[in-house]
Amino acid sequence: MGRIQLESVTKSFGDTQVIPPLDLTIEDGEFAVFVGPSGCGKSTLLRLIAGLEDTTSGTVTIDGEDVTQVSPSKRGLAMVFQTYALYPHITVRKNIAFPMRMAGLSGAEQEKRIMAAAESLNLTDYLDRKPGQLSGGQRQRVAIGRAIVRDPKAFLFDEPLSNLDAALRVGMRLEITEMHARMKTTMIYVTHDQVEAMTMANKIVVLQAGVIEQVGSPLDLYRAPRNLFVAGFIGSPKMNLIGGDEAGRREAKTIGIRPEHIDIVESDDGVWQGKVGVAEHLGSDTFFHIHGTGLAETLTVRAAGDVALRHGDTINFKPREDELHRFDEKGMRIA
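At position 94 of the sequence shown (counting the first as 1) the number is 94 in this note's numbering, and the numbers step up by one without a gap.
If you are wondering where the hints come from, they were derived from the structure by calculation, not from laboratory data. Treat the numbers as computed from the prediction; the structure is a model and nothing was measured. Check each hint, because a few of them may be wrong.
What the hints assert, rightly or not - In silico BS3-like cross-links for lysine-lysine, where the CA-CA straight-line distance does not exceed 27 Å:
(1) Lys-238 - Lys-275
(2) Lys-184 - Lys-130
(3) Lys-74 - Lys-112
(4) Lys-74 - Lys-94
(5) Lys-94 - Lys-153
(6) Lys-330 - Lys-253
(7) Lys-275 - Lys-330
(8) Lys-74 - Lys-153
(9) Lys-112 - Lys-184
(10) Lys-112 - Lys-94
Let the sequences and hints guide you as you build the complete structure.
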């Protein structure tokens, strides 16, 4: 079991409140991702759950038990950090075994758990190596293995992939997601990368300045962002945001349209016209950045990879009416 609940939790450093009163529930078995820009409070929130930071007020419960004043080691959680924090002078086997030795497990039980973790993380052939003989991705797998053998109620990941290069990040992202599918253990994952959030989570918690802006599934947030902040943060490339007057739709202060929901059309059908600026060719897709539309902002349009437009070409395009997002003067969604 691994149901985690925060009730009226706050965190202050001196006179500065970094987490205003906050309520959140992570259900048993969920893969929840805390996402937001740097300084939004996501890592602080994770540390409050882990017990590495004291709550200023409010309660943290795990499976119905109040653990607000319980030490981190007794909360039944396992944390994986951005840095691997491996012991360089001992083998992978001994690194993975370390928390079990501290817990007093028998040698036979330790070996059983080590082998199971190593097999699931493709580390069986590396158990007798030392961390310095491993790649960055392999070292992170060792850190995850050390967490797995604790058999925790929940795993807490604090930006675990940020030290890896792009290819390794993709590979480890898939491995962690596969691990969750196999183990079905609650996982909370912190990242500033919304692509990681969208591809890994079944629940996303979007934070800004310590405030939860929206909670929902990846598709919920993509299809119906609650406000302008979520609209501009979720999605890659981000949503185009246009003044309602500029867009000819005065029923809203701001109109949003995603790049993939704008169609390139013949001149007679075009609602807007502009010139192609930068064209980002990605093979299957091309993203055109359009200038001179009479709108204040440059628009991004997604097209098929073989669309033959070049810098300076005139383009006619229009948004799909049923994919428009409308926001009021306070930046809140109205349709």
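Status of each hint after checking the structure:
1. Lys-238 - Lys-275: Measuring from Cα to Cα gives roughly 20 Å; hence the hint holds.
2. Lys-184 - Lys-130: Violated, at about 30 Å.
3. Lys-74 - Lys-112: holds, 23 Å
4. Lys-74 - Lys-94: Measuring from Cα to Cα gives roughly 22 Å; hence the hint holds.
5. Lys-94 - Lys-153: Given pair Lys-94, Lys-153 holds - Cα atoms ~23 Å apart, limit 27 Å.
6. Lys-330 - Lys-253: Holds - the C-alpha atoms of Lys-253 and Lys-330 are around 9 Å apart, at most 27 Å.
7. Lys-275 - Lys-330: violated, 32 Å
8. Lys-74 - Lys-153: holds, 11 Å
9. Lys-112 - Lys-184: holds, 20 Å
10. Lys-112 - Lys-94: Given pair Lys-112, Lys-94 holds - Cα atoms ~13 Å apart, limit 27 Å.
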